[in-house]
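Enquirer: Position chain R against the provided structure of chain B, taking the given hints into account.
Just so you know, the sequences run in chain order B and R.
Residues in the first sequence are numbered from 680 upward in steps of one, following the working numbering.
Residues in the second sequence are numbered from 11 upward in steps of one, following the working numbering.
It cannot be assumed that every hint is accurate.
Said to hold, decoys possible - The list that follows gives simulated cross-link-like pairs (lysine-lysine, DSSO-like), each with its CA atoms no further than 30 Å apart:
| hint | chain 1 | residue 1 | chain 2 | residue 2 |
| --- | --- | --- | --- | --- |
| 1 | B | K796 | R | K137 |
| 2 | R | K290 | B | K698 |
| 3 | B | K771 | R | K137 |
| 4 | B | K771 | R | K297 |
| 5 | B | K810 | R | K297 |
As the list claims (entries may be wrong) - Part of the chain R face toward chain B, derived, beta carbon under 8 Å:
| hint | residue |
| --- | --- |
| 6 | P162 |
| 7 | D293 |
| 8 | P367 |
| 9 | R380 |
If you're looking for bench data, these hints aren't it; they were derived computationally from the structure.
Beta carbons are placed, not taken as given, at the ideal position from N, Cα and C, and that holds for glycine.
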Amino acid sequence: MTGELLRESYSIQGRNFDKAGEISTEIKVLLRDLGIDAAFARRVVIVAFEAEMNVVMYADQGTLTLVLTEGDISLEVKDEGPGIPDIELAMKEGYSTASDEMREMGFGFGMGLANMKKNSDDFCIESEVGKGTQVFARIRLNSNG
Amino acid sequence: MVKLKHGFKIDTAKCDGRMHCMRACPTHAIRVKNGKAHLIPELCIDCGSCLQACPSRAISATTVSLAELDRFKFKVAVASPALFTQFGINDTPAQVGRALLDLGFDAVWEYAVDIELVNRAITDCVKSWPGPFPLISDSCPVVVRLVQVAYPSMVDQLIPIEVPREIAGREVKRRYSRELGLKPEEIAAIYITPCQAKSISILQPAEEVKSYLDGAIGISEIYNDILYRLRKNDSNSKGDAQRQAIDSGELFHWGNPEGEFPNLSREHYLPLSGLTDVIKIFDDIEKGRLTNIEFLECHACRGGCVGGNLTVENLYVARSKELHLKANMPQPTPEFEREVARRYDGEDFTIRSSIRPRSFARDVGDLRERVMRRKRGEDILKALPLLNCGLCGAPSCKDLAEDVAWGRAEISDCVFLSKSRIDRLRRIYKKGPRPKKGQPSS
Numbered sequence: 680m681t682g683e684l685l686r687e688s689y690s691i692q693g694r695n696f697d698k699a700g701e702i703s704t705e706i707k708v709l710l711r712d713l714g715i716d717a718a719f720a721r722r723v724v725i726v727a728f729e730a731e732m733n734v735v736m737y738a739d740q741g742t743l744t745l746v747l748t749e750g751d752i753s754l755e756v757k758d759e760g761p762g763i764p765d766i767e768l769a770m771k772e773g774y775s776t777a778s779d780e781m782r783e784m785g786f787g788f789g790m791g792l793a794n795m796k797k798n799s800d801d802f803c804i805e806s807e808v809g810k811g812t813q814v815f816a817r818i819r820l821n822s823n824g
Numbered sequence: 011m012v013k014l015k016h017g018f019k020i021d022t023a024k025c026d027g028r029m030h031c032m033r034a035c036p037t038h039a040i041r042v043k044n045g046k047a048h049l050i051p052e053l054c055i056d057c058g059s060c061l062q063a064c065p066s067r068a069i070s071a072t073t074v075s076l077a078e079l080d081r082f083k084f085k086v087a088v089a090s091p092a093l094f095t096q097f098g099i100n101d102t103p104a105q106v107g108r109a110l111l112d113l114g115f116d117a118v119w120e121y122a123v124d125i126e127l128v129n130r131a132i133t134d135c136v137k138s139w140p141g142p143f144p145l146i147s148d149s150c151p152v153v154v155r156l157v158q159v160a161y162p163s164m165v166d167q168l169i170p171i172e173v174p175r176e177i178a179g180r181e182v183k184r185r186y187s188r189e190l191g192l193k194p195e196e197i198a199a200i201y202i203t204p205c206q207a208k209s210i211s212i213l214q215p216a217e218e219v220k221s222y223l224d225g226a227i228g229i230s231e232i233y234n235d236i237l238y239r240l241r242k243n244d245s246n247s248k249g250d251a252q253r254q255a256i257d258s259g260e261l262f263h264w265g266n267p268e269g270e271f272p273n274l275s276r277e278h279y280l281p282l283s284g285l286t287d288v289i290k291i292f293d294d295i296e297k298g299r300l301t302n303i304e305f306l307e308c309h310a311c312r313g314g315c316v317g318g319n320l321t322v323e324n325l326y327v328a329r330s331k332e333l334h335l336k337a338n339m340p341q342p343t344p345e346f347e348r349e350v351a352r353r354y355d356g357e358d359f360t361i362r363s364s365i366r367p368r369s370f371a372r373d374v375g376d377l378r379e380r381v382m383r384r385k386r387g388e389d390i391l392k393a394l395p396l397l398n399c400g401l402c403g404a405p406s407c408k409d410l411a412e413d414v415a416w417g418r419a420e421i422s423d424c425v426f427l428s429k430s431r432i433d434r435l436r437r438i439y440k441k442g443p444r445p446k447k448g449q450p451s452s
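Same shape as in the complex, but just chain B (with noise of 0.2 Å):
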């Protein structure tokens, strides 16, 4: 691919709600220390904090790629997990499957995959039942939209 800059890959264990959030806090800091503009930045930990978040909840274990160029950041999602029977459904605003264990600490509101697309340029899931989940997200970084 040209273009590209940077490539970096961080592993996500499922079920670990002590570490949950560590990796978009580790992008927050290495974007900031690239001194990429800080309303993009804002929107691509976003992204990464739900799609983390997603692993941690549902999947057993999942990789979070992210690569960055000159005009974009793109982050690709794979996790080991249960996989979506309904993707239509899982994207609506508010639609949840977490248990009240994962809402006592104030997760799962069915905000998570609506509002990684909100905040993506390009934005597809792919998803079998009973193998896992791919999330591929694409933010651009002139379009504040």
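Expert: Only chain R this time, still in chain B's reference frame:
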């Protein structure tokens, strides 16, 4: 780039290079080179952690002294409400106000009006704010600078309302130049400050405009002078108009330094204090959490401004005095209400210029170069012991790796990689006598 000023200075002659400040600094802004502490100005948020940590008292706050004020024709004290919590339970704000006049001020400002005005402006702003939430208070300069340095994506969440002390400064100049026929620059509006951070925010406001105030005097600097006058029990003070106003008590309708927002929903307003907690909550806000809160009132000092590092009294003793003052607070007088209503209609409380992120990475090279330097830093880090011993003069191995990648330090500063570094440190730090037994001769 504008040269950044800071609220304190390091006295190199007094500095023993013992690195307490370097380890205490929350933004890793201090390096110790050749046995002396230095500041990376872009990273400093004026929190004053170093000031308290220094065992050699080499770090002092930049405030003005009373003597420096003689160049002004009329001197007005704008006292942080924290000042009145510093004295005995029976010492009234009016007595403290009189002591300020005895110290040489020509007037003590009725600051409660400005605090009330800004509280109203904040309430209105929160209610009409389209988002993003939460809005973050801007009255603590450390919080503002922390956002600029470490949470650049959140600068738009700093509430765009001027702080009470600036509103007071503006009105001080306006009123006294009108009443006394003086030029604004002949009138000194001096803030009596509980911390050095507010002093620096006057020297160099975060939004890059000129402050309406002319300087700040630390509470600790005039504490003894005020206490002496409170205890002197002086009954033959002059009976001019300013004193009579103070005696009537109206000047000191109690203003809460942390603000109280009776018209904001209790459910959506969250006050918090202490830099560690502020940092924790900012991390969550940056991830898009905490959206249920509309207004977050943050103070870097634990306990808010009464716990400022230029206060004298123990935080909880000061708190108890504050509770006492609040419990006995007189009802606002009709004059007070009228003055607030009059000024609220006539004044603009929006900040004069927006607050921008302070980043020094973005000023150097292009994105490609910054990525390259970062990779270099990561490679260097692999060679370091990760013990964060600090002997290289950076607070952590990661900081040294970054410094080397950006050309601010040498990898040979690490004692694990360079034996001569230890010899150099030995020469720098071998000052006083050592126990003779077992001491190697050099």
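Enquirer: With reference to the structure, classify each hint as holding or not holding.
Expert: Hints, verified against the model:
For the given pair, B:K796 sits about 28 Å from R:K137 by alpha-carbon distance, which is consistent with the 30 Å threshold. As the CA atoms of R:K290 and B:K698 are separated by approximately 14 Å, the hinted pair is consistent with the 30 Å bound. Between B:K771 and R:K137 the CA atoms are separated by roughly 28 Å; this keeps the pair inside 30 Å, and the hint holds. Annotation: proposed proximity of B:K771 to R:K297 holds, straight-line Cα distance about 20 Å (limit 30 Å).
With a CA separation close to 28 Å, the supplied pair B:K810 and R:K297 stays within the 30 Å bound. For the restraint placing R:P162 at the interface with chain B, the shortest Cβ-Cβ distance is roughly 4 Å, inside the 8 Å limit, so the hint holds. Taken as an interface hint, R:D293 checks out: its beta carbon lies about 6 Å from the nearest beta carbon of chain B, inside 8 Å. The restraint placing R:P367 at the interface with chain B holds, with a minimum CB-CB distance near 5 Å, inside the 8 Å limit.
Taking 8 Å as the C-beta contact cut-off toward chain B, the hint placing R:R380 at the interface holds, the least distance being around 5 Å.
Every hint from the earlier list agrees with this structure, and none is contradicted.
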